[in-house]
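Kindly generate the complete structure, drawing on both the sequences and the hints.
Residues per chain are reported as follows:
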Amino acid sequence: MTAAAPQPGLAGYNFAYLDEQTKRMIRRAILKAVAIPGYQVPFASREMPLSYGWGTGGVQLTAALIGPDDVLKVIDQGADDTTNAVSIRKFFATTTGVATTTRTAAATLIQTRHRIPETPLADGQIMVFQVPIPEPLRWLERREVESRRMHALEDYGVMYVKLYEDIVRHGKIATAYDYPVMVNQRYVMAPSPIPKFDNPKLDRSPALMLFGAGREKRIYALPPYTAVKSLDFEDHPFEVQSWSQACALCGATDSYLDEIITDDRGGRMFVCSDTDHCRQRTTAEGNSR
Amino acid sequence: MYVAVKGGERAIENAHRLLAEQRRGDPAVPELTLAQIENQLGLAVDRVMAEGSLYDRELAALAVRQAQGDLVEAVFLLRAFRTTLPRLAASRPVDTAAMRLRRRISAVFKDLPGGQVLGPTYDYTHRLLDFSLAQPTRADTPGPRRGAETAEPGTAAGHSPKVAELLAREGLIEPEVADDDAPVGDLTRDPLCFPAGRDLRLQALARGDEGFLLGLAYSTQRGYGKTHPFAGEIRMGAVAVEIVPEELGFAITVGEITLTECEMINQFKGSATEPAQFTRGYGLCFGQGERKAMAMALVDRALKGAALGEDSGGAPAADQEFVLMHADNVEAQGFVQHLKLPHHVDFQAELGLVRSLRAAASAGTEAEAEP
Amino acid sequence: MPACPIAPTDAPPTDAAPVAPQPGLARPVLDSQRVFRAVLRAMSRPGVPVALPVLPPAPLPLTPATVALCLTLADFETPLWLDRAATTPAALAHLRFHCGCPIVTDPAAALFAVIGDGSTVPPLNAFAPGEPDYPDRSATLVVQVAGFGTGPRRMLHGPGIETSQALAVSGLSDGFWAAWRDNTARYPLGVDVVLASPDALVGLPRTVQIH
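Residue numbers (this note's numbering), protein chains in the order written: chain A, 1 to 289; chain B, 1 to 371; chain C, 1 to 211.
There's no promise every hint is true.
Unchecked claim - Ranges between beta-carbon positions, derived for each pair:
hint	chain 1	residue 1	chain 2	residue 2	range
1	A	Asp263	B	Ser132	55 to 63 angstroms
2	A	Asp155	C	Thr105	33 to 41 angstroms
3	B	Gly223	A	Arg142	20 to 28 angstroms
Hint data in this document are derived by calculation from the structure and do not stem from the laboratory. Cβ coordinates follow ideal geometry from the N, Cα and C atoms, glycine included.
As C-alpha cells, this is what we get:
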C-alpha cells in the first residue's frame with residue numbers, strides 16, 4: 001500500500017467526516033438513483049453529528065460527493081446566513097477545507113433546504129436537497145409496504161383523487177409546497193418542501209438534482225434534462241405563487257418573497273428569500289467569493 | 001430601512017459558549033468526575049449505553065456529563081461517535097445461560113434450579129426520599145463494589161438453566177432454535193425494509209427508546225393487543241464476549257459485558273396452523289435495564305402476532321412499521337425538534353394559500369348574498 | 001447477440017504461483033472521490049465520454065478505467081462477476097486484494113460485473129434487474145470497449161440528454177444494442193451499463209433509449 005498522503009480536513013476524521021466504506025455505499029445508491037429518476041433508493045443512512053431532521057440526508061450526500069476541487073454553497077430558506085446553513089457550511093469547511101461561496105453561479109455543489117436559487121443553474125452543477133419526508137404518498141398511505149407497491153404498480157390514483165377533492169372543496173389544489181411531481185413519466189416524487197414556485201425549475205434543469213432523506217434513509221435523483229411535471233388537471237393547470245409587491249430591497253418582481261413583519265400594527269414588507277440573488281441585484285458588481 | 005438578519009455564525013458561537021457555562025454550573029461546586037458518574041449514576045450510564053448501542057461505560061459517562069444529564073442527548077452523542085468506529089468483527093452469540101448472575105428471578109415457578117436471586121433491585125424499596133443520602137456518606141463506610149456478585153444464598157449453584165428451556169423440554173413452548181452461524185442483519189449497515197425479520201426487529205427494539213417501548217408494552221396489557229404475558233425469567237449479570245478471528249479459526253474471549261435479559265412466556269390458544277402452546281417474547285439490553293428488557297419482551301411478542309395468525313385488532317404494538325419506525329429516540333428527537341428550524345418559506349406559501357382560499361370563500365359568500 | 005455461455009469464474013488455478021497485486025489508487029480517499037464524480041457525470045450525461053482523472057495500474061486484461069471504477073465502488077458488500085476474458089489470476093488477485101469483494105460465479109448474484117471483452121457481451125438478462133418494489137437491487141455492468149468516437153453511430157435519448165446524443169463505440173458487439181432495447185423495455189427494472197475504454201467512461205443507465 002502507498003504511504004498516506006497529507007489530506008485536507010479535520011484531524012482525527014476522514015476527509016468529509018464519513019468513512020470510505022460509507023461513502024462507497026452512498027455513492028452506489030446515488031448511481032442507482034440517477035439510473036431510476038424519481039425512485040427512492042433505500043440506503044444505510046448513518047448517524048451524523050447533527051440531528052436527524054436537520055439535514056443529515058443532504059449532509060451525507062454532500063460528504064459522499066465533495067472533493068478538493070469543489071466550491072460549496074449552503075442555503076436554508078434561500079439564504080446563506082440562516083443558522084443551520086451556517087452550521088452545515090462550517091461542518092464541511094472544517095472537515096474538508098474546501099472553498100465555500102454564497103454566489104450561486106460560483107458554486108459547483110449547492111446544498112439546500114426548502115429553496116432552489118433564482119439564478120438559473122448550469123450544466124455541471126449539483127444541487128443537494130435536504131428531505132424530511134421523501135414519500136409523496138405518505139399522507140395518503142402511511143404504510144411503506146403499501147406505498148412502495150403503489151410506486152411499483154404505477155398506481156397513483158389516490159394522489160389524483162386527493163388533488164381532485166381539493167379542487168371540489170377549495171376550487172384549487174391546496175398544496176403550496178412539497179407539491180408532488182411526475183418524473184420522466186414514471187415515478188411520482190416529492191420535490192422536498194420547496195414552495196411550488198420552485199417546481200418549474202426542476203423541469204429539464206441542466207444541473208443534477210440529488211435528494212437525501214437521512215432519517216427516512218432514502219436517496220433519489222433527477223438527472224439533468226429530466227422531464228418533471230407538477231401534477232395537475234387539464235381544467236386546473238398547475239400554477240405558481242405570485243406577489244403583488246416587488247422585493248423592497250432589490251425591486252425584483254420575479255423572485256420568491258419572504259414576508260417580514262415590521263411592527264405590531266400590521267406593517268409588513270416583502271424581500272427576496274434568495275439572499276444571493278438579491279445581493280447580486282443590489283450591488284452593481286456583485287460580490288466575489 | 002430593513003436589514004436582513006445577519007450574524008448566524010456569531011450567534012452560534014455565543015450559544016456554544018453559553019452552553020459550556022451552563023454545563024459547568026457554579027464554579028464553586030466541584031466538577032463531577034467520569035468515575036463518579038460511572039459509579040453513582042450507573043443506571044443512567046447503562047441506559048445511554050443500551051440506547052446508544054455502544055458498550056463503553058466511560059464514554060457513556062462522558063456523554064452524560066457533556067449532555068448535562070439529558071439522557072436522550074447523551075444517547076445521540078454516543079451514537080454519533082459509534083458511527084465512526086470500524087467494525088473489527090462480529091461476536092459469537094453470547095451465552096446468557098452461562099451468565100455470572102447478579103440477579104435472576106422467575107415469576108412462573110416458586111423455586112427452580114439456580115434459585116431466585118433478588119440482587120440489586122428497587123422492587124421492594126419503599127419509595128421514600130432518603131434524606132440521609134442528602135449528606136455525603138462517611139468515607140469509611142464504602143458501599144458494595146459495583147459489578148461484584150451479590151453473595152446471596154442460592155447463587156453458588158453455578159448452573160441456572162433458562163426457564164423457557166425447562167418448558168421446552170416438555171414441548172410446551174414454541175421451539176426457538178437459533179442458527180448461530182446464520183448471518184444477522186444490522187439496521188445500522190443496511191436500510192430497514194419491511195417486513196423486517198426478527199433479528200432486525202430485536203435490534204431496533206434493543207436500541208429503541210425505553211419510554212416509547214414502555215408505553216407500547218403497557219398498551220398491550222390494557223387490551224391494545226392481547227399477549228397474556230408471564231415474566232418467565234429476568235436475569236442480569238456478566239457474560240463473556242467471544243469472537244472468532246479469521247486467522248485463528250477458534251473463539252477467543254475479548255471481554256465481559258453486563259446484560260439484562262427478559263423472557264416473557266405468553267399464552268397462545270393455537271390457531272388453524274399451530275397447536276396450543278406457550279409462546280415467547282424476548283428482551284435484552286446492555287447494562288442493568290430491567291424495565292427496558294421487560295417492555296422490549298412484551299413488544300417483541302406483540303410483533304410476532306402476525307406470524308402466529310393472531311388478530312391484533314390494529315393494536316399499535318403489533319404494527320411492525322409503527323413500532324420500528326418510531327422507536328428510535330435519536331431519529332424522533334431530531335425530527336420533532338427540527339420544527340425549530342426556520343420554515344418561513346413554506347409558511348409564506350401557506351399564508352398565500354390561506355389568504356387566497358379565504359378571499360375566494362368571502363367573495364363566494366358575497367355573491368350568494370346578492371339578490 | 002452471439003451466444004456467450006456464462007462461464008464459472010471462481011476457479012483460479014490452485015497451483016498457480018501467487019500473484020503480487022499491483023498498487024491501487026495512489027491517494028485512495030481523494031482519488032476515489034474524483035473517479036466517483038467522473039462515473040456520476042457519465043451516468044448523469046449518458047452517451048458523453050468522460051475522461052477518468054485517475055488511471056491506476058491495471059493487470060491485464062483489466063484496463064485502468066475498469067480498475068479505477070472497481071476500486072471506487074466495489075467492496076465486501078458487493079458481489080462481483082467476471083466474464084471469461086476478465087478472469088485471470090492477476091485480475092482476481094488484484095480485485096480481491098484492493099476491493100475485498102466476493103467473486104461470484106452466478107451472474108444473477110452479482111451487483112457488479114466486469115465484461116473484459118465488449119465484443120462478446122453475455123446476455124444482459126442473466127444479471128439481476130432488480131425487483132418491482134426495489135428496482136435499485138440490480139446489477140451494474142462494466143463493459144470494456146476499445147474506444148469512443150469511431151464505429152457505428154447511434155442516437156441516444158432519455159433523462160440526462162438535452163435533445164439527443166450521438167454515440168459511437170468501437171469494440172462493442174452489434175448484438176449489445178438489440179439486448180439493450182430489451183433491457184430498456186423492462187423499465188424500471190433493468191441493468192445499468194458503464195462502457196469503459198482504457199481511459200474514459202460512457203454511462204448507459206437503463207433509461208437510455210436508442211434510435
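* To do: If any of the earlier hints don't hold here, list their numbers in rising order.
  => Hints that this structure does not satisfy do not exist here, as all of them hold.
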